[in-house]
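Visitor: Generate coordinates for the entire structure from the input sequences, incorporating the hints supplied.
From first to last, the protein sequence lines are chains A and B. Here the first sequence stands for residues 1 to 147, numbered as in our numbering. Here the second sequence stands for residues 148 to 535, numbered as in our numbering.
Note that these hints are calculated values from the structure, not bench results. Careful, some of the hints might be misleading.
[Said to hold, decoys possible] Here are the computed lysine-lysine pairs in the DSBU-like style, where the Cα-Cα straight-line distance is at most 30 Å:
#1 Lys33/A to Lys45/A
#2 Lys45/A to Lys185/B
#3 Lys34/A to Lys24/A
#4 Lys24/A to Lys166/B
Given next are the chains, with one letter for each unit.
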Amino acid sequence: MNDANKLNDTAGVKRVIRRYGFSKPYWDGTREKKLVIQYCRATGKYQHYPRPVSIYTGRRRDLEWREVSGKGELYSFCIAYRGLPAFRGQEPYAVVSVTLDVGVNMIANMMHCTRDEIHIGMRVRPCWLPLEDGTNLVMFEPDRDTI
Amino acid sequence: MSLRDAAIVAYAETKVMEKTDRDIFELDGDILESLLDKTGIEKSEIDALVVSGLTRTGAGNVFWAQTTADELGLEVDYCDQVHIGGCSATGAVARTAAAIDAGLCSTAFLLFSDTPSEDNRRDRGFSQEWIGTYGLMGPPGAFGLLSRRYEHQYGLDYEMLGKLAVTQRNHALLNDNACEKLRKPITVADYLNSRMIAEPIRLLDCVMPCDGATGLIMMSRRRAKQKGLANCVIPTGYAERTNYRGGEGMVDVTWSGHKAAGQRALDIAGLNLKDVASFHPYDDFLIAIMLQFENLGFCKHGEGAAFIRDHDLSFRGDLPLNTGGGLISSGAAACSSHNLIEAVRQLMGEGGARQVRNTRNALVTGIGWINYGRNWGSSSVMVLVPNE
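Guide: Laid out in structure tokens, this is it:
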């Protein structure tokens, strides 16, 4: 692979993530590499990032957590040539917005993918990056089985 | 027309607790749910959010009101945070009454919350947990995602963004107050060849944060007349929209709150878009200008580049654009107010070497805060006219 085609996985970035109370079920799920996101019982729709209420009804009691496959397609991407401080030296890397099959967008990094390969509409699946505290960080990679 | 035309129709409160780890937005969610239950109104009826707090949890985040709207899925026409210390609660009631009286909103949610406990008083927002984790660099990253998606849906002629860059730069050359570093001529090729920051966002797509200040004095028109201040500028229409389609999970990022705010502001002002004399859009990134042409209705979605190609956007042209250079070519300082100040200057006839011919009105816009995976948090549109 030539350098111009390379995208960094960002696996080497030391990530210190401060978590908040109502996102706990999400992070707990990642310990088993499960993607568990919020679901609104009243409207039958998912939402992400975790919120204190259903963004559809404004009510806490309408929310529950459901495991989803994490498969989806690329909604958009950008390639960072000047990263945040913790990401310096990792450039270029791709930040992607993925439309999960359950109908919600999620932002993450792309792994195992080249500059030539990445494109809007491509099928992706989750892959997991271990964090020091036993949780895992969801990332995406090309879903080559379905291409 | 007075304070007493507005009514407080419901209240809610959580239990007061010492040293909890309860998240401030969780408390906010409890309050929202309680108020919806008590009043029987739907979330979608709330068209104003006014927040206040005395501790760093909220008050330390300058985007707190918008962040809260995003957290709670509230899409509102009036979004405010009142910061006058221990007077904020009563101050918020008075200011909200004034906003209702002025027709800026009709159903307001006033939210007061604090979590000052030792481990619970940090600035609170979603970005550190859900965006920073992935190295998405704030606005350039968000506009990178937006630009790429736009390009996918409609195609994107970067040379036309380059034309915007050159037009605004030429205006900055005529603006003695513009940042000196930016007062050098550029070409479309300079734009296209500037280095990538968050591909497809280039260096010359972006604003440069600078130091500076601006200010205004406002008074009633009657008082202005009494004082003989005849050369003045009147805001005849204003609307804003925060968290556009924020109650939906999937949105088209090329559609923004300017669509809703623009129609409303123009209606209030009684101005037809084709009669806009000069245009002073918020320009944190070049593509934001193009999206505003489309969302305000100057052209259809996807036809922004053609619109830019077909119009002379210089101060002498048929639609003068950011005649002071815009934020991108004059430097982003003073709360990014320079486009507003420039519009006022032009309507007062004080544009000097860059004075526009048609000073019947000016259209000024704002863009505020970056939300999660959409485009931006708030969109504002204001129509200004000179004093008759």
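Visitor: Go through the numbered hints given earlier and state which of them the structure violates, listing their numbers in rising order.
Guide: Those not satisfied: there are none.
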